[in-house]
Amino acid sequence: MPHRKVPALHADSRAIPVDGRIDWWRGAVGEIFDITPGSPDSASPDDPHHLRGAWWRYDKLILSTVDYDANHAVRLPRHVRSDQLDHYRLVLKTQGVMHSDTSGRRQIIRPGEILLHDLARPATFDLAAGSSLVLVLPREMLDELLPLPVDLHGVRLQGAATKLLADHLLTMAAHSPEMTVGQAPFLTQATLHLLAASIAPSAQTLARASPAIENTLLRQLCRYVDLHLSEPGLSAEQIAGFFALSRSRLYRLFEPLGGVSAYIKERRLARVHTLLSKPTGRVSLSRLADAHGFKTAEHFSRAFRQQYGYSPKELKQGVLSGLLLATPGPASSDEESFYGWIRSLRD
Numbered sequence: 001m002p003h004r005k006v007p008a009l010h011a012d013s014r015a016i017p018v019d020g021r022i023d024w025w026r027g028a029v030g031e032i033f034d035i036t037p038g039s040p041d042s043a044s045p046d047d048p049h050h051l052r053g054a055w056w057r058y059d060k061l062i063l064s065t066v067d068y069d070a071n072h073a074v075r076l077p078r079h080v081r082s083d084q085l086d087h088y089r090l091v092l093k094t095q096g097v098m099h100s101d102t103s104g105r106r107q108i109i110r111p112g113e114i115l116l117h118d119l120a121r122p123a124t125f126d127l128a129a130g131s132s133l134v135l136v137l138p139r140e141m142l143d144e145l146l147p148l149p150v151d152l153h154g155v156r157l158q159g160a161a162t163k164l165l166a167d168h169l170l171t172m173a174a175h176s177p178e179m180t181v182g183q184a185p186f187l188t189q190a191t192l193h194l195l196a197a198s199i200a201p202s203a204q205t206l207a208r209a210s211p212a213i214e215n216t217l218l219r220q221l222c223r224y225v226d227l228h229l230s231e232p233g234l235s236a237e238q239i240a241g242f243f244a245l246s247r248s249r250l251y252r253l254f255e256p257l258g259g260v261s262a263y264i265k266e267r268r269l270a271r272v273h274t275l276l277s278k279p280t281g282r283v284s285l286s287r288l289a290d291a292h293g294f295k296t297a298e299h300f301s302r303a304f305r306q307q308y309g310y311s312p313k314e315l316k317q318g319v320l321s322g323l324l325l326a327t328p329g330p331a332s333s334d335e336e337s338f339y340g341w342i343r344s345l346r347d
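Residue numbers (my numbering): 1 to 347.
Read the hints as simulated data drawn from the structure, not as lab findings.
Among the hints, a few may not be true.
[Said to hold, decoys possible] Derived EDC-like pairs (lysine to aspartate or glutamate); straight-line CA-CA distance at most 20 angstroms:
hint, residue 1, residue 2
1, K60, E144
2, K278, E314
3, K163, E214
Please build the complete structure, drawing on both the sequences and the hints.
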């Protein structure tokens, strides 16, 4: 009996009419980035808005090779708040140039160079028509191999170990169609150790430890909020007390997420959206509202419509009638998709 191959996904825009490709592209990656066409000067005249890629699931890593037309990809604060992905994304440019902006760090990444960024933080990428190799991995798998907390958002990897890493990733991608599930854990470990060696802290990276510690604390705060969404008394005071933080520091940490109260409300509404998206028959909206800290059903309905653009009643009716409605990132259940794979890496 042949050994089972690592799971693979493929996408090819050649089957899509040109005028529908951008919408198709957004459907493929729009949960993680906002995608718009890039500059015509750096676009492909022969194959406009094209996207072709292959993705392979290696145990706890996702490796992909992607060929694309010029595009502008933005990961906004709303993406970060909605999907709460706690992963690193490595980009090895193989053709074309990429302009990146990661929290004000503006860089030009050329073929052969590697950029690492944090999916828990906003970022902007302008890409000329070209191709990239991309690796996505859960944060803790890499962090536990590093001697100190390091802020890796927008780090361009350099040095001899980085050259070995690039060669390793290119070889791994070239042979991925033949790789088996049994081989995947060993290749995962080899990849992680090569990546850690490429990051080995220097004076420059050590100076970036403080932001990393702040980001780690913010992730812990966000997890605490998600675990206590049904508690009526969930508040800035409760969170600050549990973590022994001053309220001023707590407010500063939550500032990129719109503030403590706004974040709690957003996550409560996302939880309710997830519950309403399940075809489980009749649900009492007033009970859901009360269970998630909203004083009245009317207040809840207004806040829900403001966040999603439709009412909770409209969502439930659409689910029961079989109408396809977008589900926020945390509620995605499509495991046979790139987004579903990312969410399951930390399972």
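Checklist entry - In ascending order, which of the hints set out earlier in this document are inconsistent with the structure? => result 3
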